[in-house]
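Kindly produce the complete structure, drawing on both the sequences and the hints.
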Amino acid sequence: MWRDEAYLLDMLLAAKRVLEFSRDLSWEQFQHSALHQHAIAKTLENFGEAARKGAARSS
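Each residue of the sequence shown is one higher than the one before, counting from 1 in the numbering used here.
Everything labelled a hint here was simulated from the structure, so no lab data went into it.
You may find that some hints are simply not true.
Now the in silico label distances, taken between C-beta atoms and shown as ranges [claimed, not checked]:
(1) D24 <-> L44: 14 to 22 Å
(2) A56 <-> Q29: 20 to 28 Å
(3) L8 <-> A39: 34 to 42 Å
(4) D4 <-> E28: 37 to 45 Å
(5) R3 <-> S26: 35 to 43 Å
(6) Q29 <-> E49: 24 to 32 Å
(7) E20 <-> E49: 14 to 22 Å
(8) W27 <-> A55: 28 to 36 Å
(9) L8 <-> H38: 22 to 30 Å
Cross-link-like lysine-lysine pairs, in silico, DSSO-like; alpha carbons within 30 Å at most [what the hints assert, rightly or not]:
(10) K16 <-> K53
(11) K16 <-> K42
(12) K42 <-> K53
Every residue gets a Cβ at the ideal spot worked out from N, C-alpha and C, and that includes glycine.
Written out as structure tokens, the structure reads:
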């Protein structure tokens with residue numbers, strides 16, 4: 001049970017990080033910033049990994 005909550009917390013924190021990384025960032029700025037692209041992509045990857053692990057436990 002606590003692992004499910006840990007995966008949900010990981011997902012929540014990842015979503016908050018994406019919002020933080022993209023705050024005040026225009027689409028054009030994002031397109032030209034490899035740093036922001038990589039940070040957001042990696043964070044979404046972490047979100048997906050937590051979701052996958054949580055889903056695997058519930059099946």
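task: Mind listing which of the numbered hints don't hold for this structure, in increasing order?
output: 2, 3
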